[in-house]
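Undergrad: One-letter residues, chain by chain:
There are 2 protein chains.
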Amino acid sequence: MKQRMGIVVAALLLASAVALAANTPGVKPRTMADVIAASKPSDWRTVDPQNTLYLELPTGRVVIELNPTFAPNNVTNIRTLVREHYFDGLAIVRAQDNFVVQWQDPDHSRSLGTAEKTLGAEFSRSSNDLPFTVLPDPDTYAPEVGFVNGFPAAREPRTHLAWLVHCYSMVGVGRDDDVDSGNGSELYVVIGHAPRQLDRNVTLVGRVVYGIELLSTMKRGTGERGFYDKASERTPIQSIRLASEVPEAQRTSVEVLRTDTPTFTELVEVRRNRREEWYKVPAGRIDICNVPLVSRKKS
Amino acid sequence: MKQRMGIVVAALLLASAVALAANTPGVKPRTMADVIAASKPSDWRTVDPQNTLYLELPTGRVVIELNPTFAPNNVTNIRTLVREHYFDGLAIVRAQDNFVVQWQDPDHSRSLGTAEKTLGAEFSRSSNDLPFTVLPDPDTYAPEVGFVNGFPAAREPRTHLAWLVHCYSMVGVGRDDDVDSGNGSELYVVIGHAPRQLDRNVTLVGRVVYGIELLSTMKRGTGERGFYDKASERTPIQSIRLASEVPEAQRTSVEVLRTDTPTFTELVEVRRNRREEWYKVPAGRIDICNVPLVSRKKS
Chain P
-2 MKQRMGIVVA ALLLASAVAL AANTPGVKPR TMADVIAASK PSDWRTVDPQ
48 NTLYLELPTG RVVIELNPTF APNNVTNIRT LVREHYFDGL AIVRAQDNFV
98 VQWQDPDHSR SLGTAEKTLG AEFSRSSNDL PFTVLPDPDT YAPEVGFVNG
148 FPAAREPRTH LAWLVHCYSM VGVGRDDDVD SGNGSELYVV IGHAPRQLDR
198 NVTLVGRVVY GIELLSTMKR GTGERGFYDK ASERTPIQSI RLASEVPEAQ
248 RTSVEVLRTD TPTFTELVEV RRNRREEWYK VPAGRIDICN VPLVSRKKS
Chain C
-2 MKQRMGIVVA ALLLASAVAL AANTPGVKPR TMADVIAASK PSDWRTVDPQ
48 NTLYLELPTG RVVIELNPTF APNNVTNIRT LVREHYFDGL AIVRAQDNFV
98 VQWQDPDHSR SLGTAEKTLG AEFSRSSNDL PFTVLPDPDT YAPEVGFVNG
148 FPAAREPRTH LAWLVHCYSM VGVGRDDDVD SGNGSELYVV IGHAPRQLDR
198 NVTLVGRVVY GIELLSTMKR GTGERGFYDK ASERTPIQSI RLASEVPEAQ
248 RTSVEVLRTD TPTFTELVEV RRNRREEWYK VPAGRIDICN VPLVSRKKS
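Chains P and C are the protein sequences, given in the same order.
Going by my numbering, the first residue of the first sequence is number -2, and it counts up by one from there.
Going by my numbering, the first residue of the second sequence is number -2, and it counts up by one from there.
Mixed in with the good hints there might be a few duds.
Note: identical chains are not told apart, hence a pair may lie in one copy or across any two.
Think about it this way: if two alpha-carbon atoms lie no more than 35 Å apart in a straight line, the pair counts; the simulated DSBU-like pairs of lysine-lysine are [unchecked claim]:
1) K114 - K37
2) K227 - K277
3) K25 - K295
4) K227 - K295
5) K37 - K294
6) K37 - K216
Hints listed in this document are in silico derivations from the structure and should not be mistaken for laboratory results.
If you're wondering where the values come from, they're calculated on a predicted model, not measured in any experiment.
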């Protein structure tokens, strides 16, 4: 506990030093690039291959980190679908501007194999004993927001519940009206302004950590809700694989900046108050979905 | 005044009716589509051709509504640049994922003609006598947010200042470090999660009201800050024209839903509390940049 307090104090001192630097003529304030350049190897976490999906498109590979902490049953079902090659040859069926890109079986006919057909919703979970890096700024939608192991999340002290939130690049499970009607065979990725009204209405299962631009630049569908009118407009999915089942030489190893470190605290601070010469009015606050969750390909 | 109060009361009654409907079994709650279908011609405003830009790309036309209420001098300068065909043959030089698409003279060599080289910044203006439809929900960045004539805006009661905010599709004026260094010859459009840290740091001059998907789907630049590394990756700009200088038969007439009407009040309410069967937890609140600012091509 004492050690932890020490880290917090160090982080606060660091933050104060940044603020001071900004007010000292001739001293260049630190930027996000500076913070990342000064980061230590221990500030980073390599994404577990068991929690890594490769979505293979004709244009390249999209890497998704799954989150079994918040959606254990849905993640297990998605792993089953992926192991049995359920997604291979299916397609991106929907791209709605400023909202989501979605994939599924366009014909709704493929067998789910040994995967569950329906699953209990995992919209939220207990926040007890869940390490949570709190963001100090007010949020429109939730009483408290912050980060859990690299994912954007919210927390409600009254109910002791926590849930993942719909920031750009988050991956969710499509469902019908029934809350338990999703099973992971229809997945979508947020490619626009955070649709936070979906929080606690959908099971979020992960986040794109590499290659999101392959999804965000897709031609938008002109049908209702961005579905493609013609089959020929859909982007085919070559395959989805778990990284752990791909030979090591063919893996894309991704590391993400940890969100429970003094380095991350400083990163948040330099983004809450942008002190670069260009900025004239530092916001002093930041929206949960504007905090960069940094990931990079391991060389 | 009495009439105005009547409208407010009617709007509140309407909102209550919606809330009631949601709790009444068998009564289908109203959706945004219902609200728009029931709208009257007077709920809409045709965009003034004097305030309309056509950005002509090889893929089609993007329509921008300029906002002289907030940025009179910058809008005047942009009109001058456009009238003198400054932008014709220039290019989209930057596409940064989840941030902005930007155009300018890639060679920084073209004459600005009779346009001003530098202009005073128009980051904010007096809020006095500015009709402002307040959004009741808390905002991370500003003490008060809402709408001014179809544009998302913020207001600070203490200073009596108002400013446009950086939601998806907003158009801003690029500048160097000096606040007065912008002139409208470099423009960018927001294509990602609202970068609200730019509020009051940039002069916002308008909003894309039609064709944003031509910008949001552009291949992202791989250079620093999303600039294209190679000239061949840039999308050429065929021309930018003021609608008022285009023959009527070639115009794209766009109308936008007014934001100072009971219809808009109801639209905001049905989005703050989504009561469709699919939604299990209505948010009860909405982020300024999640409120749909509806526009449509006039037939």
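Undergrad: Are the hints correct? Go through all of them and say.
TA: Hints versus structure:
| no. | hint | in the structure |
| --- | --- | --- |
| 1 | K114 - K37 | neither (44 Å within a copy, 45 Å between copies) |
| 2 | K227 - K277 | between (48 Å within a copy, 32 Å between copies) |
| 3 | K25 - K295 | within (29 Å within a copy, 52 Å between copies) |
| 4 | K227 - K295 | between (39 Å within a copy, 26 Å between copies) |
| 5 | K37 - K294 | within (16 Å within a copy, 53 Å between copies) |
| 6 | K37 - K216 | between (40 Å within a copy, 33 Å between copies) |
Hint violations for this structure: number 1 only, all remaining hints satisfied.
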